[in-house]
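Residue numbering for the sequence shown follows my numbering, starting at 272 and increasing by one per position.
Derived DSBU-like pairs: lysine-lysine, alpha-carbon spacing no greater than 35 Å straight-line: (1) Lys637 with Lys658; (2) Lys389 with Lys584; (3) Lys637 with Lys670; (4) Lys680 with Lys561; (5) Lys525 with Lys573; (6) Lys465 with Lys389; (7) Lys670 with Lys379; (8) Lys573 with Lys680; (9) Lys353 with Lys339; (10) Lys668 with Lys637; (11) Lys561 with Lys573; (12) Lys317 with Lys492.
For each label pair, taking beta carbons as the anchor points, the in silico distance ranges come out as: (13) Ala578 with Gly648: 56 to 62 Å; (14) Glu542 with Glu669: 27 to 33 Å; (15) Pro510 with Glu378: 35 to 41 Å; (16) Tyr297 with Leu663: 40 to 46 Å; (17) Glu626 with Gly648: 31 to 37 Å; (18) Gly571 with Gly366: 33 to 39 Å; (19) Glu626 with Pro660: 44 to 50 Å; (20) Asn549 with Glu513: 44 to 50 Å; (21) Gly641 with Pro499: 51 to 57 Å; (22) Val656 with Trp303: 55 to 61 Å; (23) Asn598 with Phe500: 55 to 61 Å; (24) Asp472 with Pro510: 17 to 23 Å; (25) Ile348 with Lys525: 39 to 45 Å; (26) Glu520 with Ala323: 24 to 30 Å.
It should be emphasised that the hints constitute simulated quantities derived from the structure, not laboratory data.
It should be emphasised that the depicted structure is a prediction, and the values quoted were computed from it without experimental measurement.
Glycine residues also receive a C-beta, built at the ideal position from the N, C-alpha and C atoms.
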Amino acid sequence: FSTLGWPEKTEDFEYYYPNSVLSCGYDIIFFWLARMVFSGLEQTGKCPFSVALMHGLVRDAQGRKMSKSLGNGIDPIEVIDKFGADALRFSLVMGVAPGNDVRMSEEKIESFRNFANKIWNASRFVLMNLQGFTPKGIDVSKLSLADKWILTRFQDTVRTITDNLESFDLGLAATNLYDFVWSTFCDWYIEAAKQGLYAEDGDVKETTQEVLLYVLTGMLKLLHPYMPFITEEVYGYLPGVEGMLISAEWPVCKDEYDFTAEADQFEGVMEVIRAIRNLRAEMNVAPSRKATLIMKAHEGWKDALAAAEGYFKRLAGASSVEMLEENAASPEKSASAVTEPCEFFMPLGELVDVEKELARLNKDLKNIEGEIARANGKLNNAGFVAKAPAHLIDAEKEKLVMNQGLLEKLKARIAEMESIR
Numbered sequence: 272f273s274t275l276g277w278p279e280k281t282e283d284f285e286y287y288y289p290n291s292v293l294s295c296g297y298d299i300i301f302f303w304l305a306r307m308v309f310s311g312l313e314q315t316g317k318c319p320f321s322v323a324l325m326h327g328l329v330r331d332a333q334g335r336k337m338s339k340s341l342g343n344g345i346d347p348i349e350v351i352d353k354f355g356a357d358a359l360r361f362s363l364v365m366g367v368a369p370g371n372d373v374r375m376s377e378e379k380i381e382s383f384r385n386f387a388n389k390i391w392n393a394s395r396f397v398l399m400n401l402q403g404f405t406p407k408g409i410d411v412s413k414l415s416l417a418d419k420w421i422l423t424r425f426q427d428t429v430r431t432i433t434d435n436l437e438s439f440d441l442g443l444a445a446t447n448l449y450d451f452v453w454s455t456f457c458d459w460y461i462e463a464a465k466q467g468l469y470a471e472d473g474d475v476k477e478t479t480q481e482v483l484l485y486v487l488t489g490m491l492k493l494l495h496p497y498m499p500f501i502t503e504e505v506y507g508y509l510p511g512v513e514g515m516l517i518s519a520e521w522p523v524c525k526d527e528y529d530f531t532a533e534a535d536q537f538e539g540v541m542e543v544i545r546a547i548r549n550l551r552a553e554m555n556v557a558p559s560r561k562a563t564l565i566m567k568a569h570e571g572w573k574d575a576l577a578a579a580e581g582y583f584k585r586l587a588g589a590s591s592v593e594m595l596e597e598n599a600a601s602p603e604k605s606a607s608a609v610t611e612p613c614e615f616f617m618p619l620g621e622l623v624d625v626e627k628e629l630a631r632l633n634k635d636l637k638n639i640e641g642e643i644a645r646a647n648g649k650l651n652n653a654g655f656v657a658k659a660p661a662h663l664i665d666a667e668k669e670k671l672v673m674n675q676g677l678l679e680k681l682k683a684r685i686a687e688m689e690s691i692r
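Could you put the whole structure together from the sequences, leaning on the hints where they help?
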């Protein structure tokens, strides 16, 4: 209070004292917090804050207290020069439970520099696709399935993060925000939005632009307390915004943007896309190679899957989508998988060059058999078992089990390829 003009009753003193929350390390409760309370009550008759938020200490990667004698300190100025202030700020909070100590390392800070880069690149993509765009507001009657999904998930995120912050769980709020930005918005919605952005229908493109702008704007507001610099910079380029982000209103949930049923449908579409991607990866199929996608929709999913054809083409490498009745005969010589919404099939002949794939698999099989023989030779060698440290013996056993599992998978894949030869 001495900085606010006390003992005079200045405007600043009346406005800022008492404050609401004091953030304080648990190691100085008596030396600092208690004495602030004593002094405030003695000099003004009022406690200087109503809530004391205790945080932990910043330790090194091994959990040791930083000290000159150990030489394990991290100079924040050097770290900021190297990775940026936003990355340092986020690393001090992300995933930290209230009151717990923070383990700090340059590797951890670097990972959040990568997160900042992700935000920057996603923002650039959105801004590139908003050139010449004048926002008019979202017309809910024109929203796609992916639009309804991201709007619903954004409302969920606003509620969750607001609740986290109001209960002072800053680490959990940061974790939830990180997951939304990286996985939900960047990994899924931006990719799905390309279908709308590149559509010939002007209304479809404009609706996608409105949703991208709405979600990005709200996302920057949620991120701002943690990463003020990058968010303020991006915010200044958004069309239709006025003033600075630091003084903008906190996002509020809108009931008209809650589409729970449609969001659940898109989650089902995402599950199918993940399964297709996994199947293609197992079969070593190049991302550029397209193939027919044949589906047997489970009860209640046929319309949603048929409407999602564009997403399967853009996000799962499908050249076309065919729907079969659930009791129809399954296509022969096809790779398949079962998900909650459907069972799907992809003709193997369209996915891989069978002879080339068999040659690759047999080569891998030989290598794995060689590794298994080598591990068995070591483990059956009495001299090795008697003299080698226990951790080396355990490592060899783990490798043997892993390679035996790989061997069985390779044999199954070879049999599958042989069946369509």
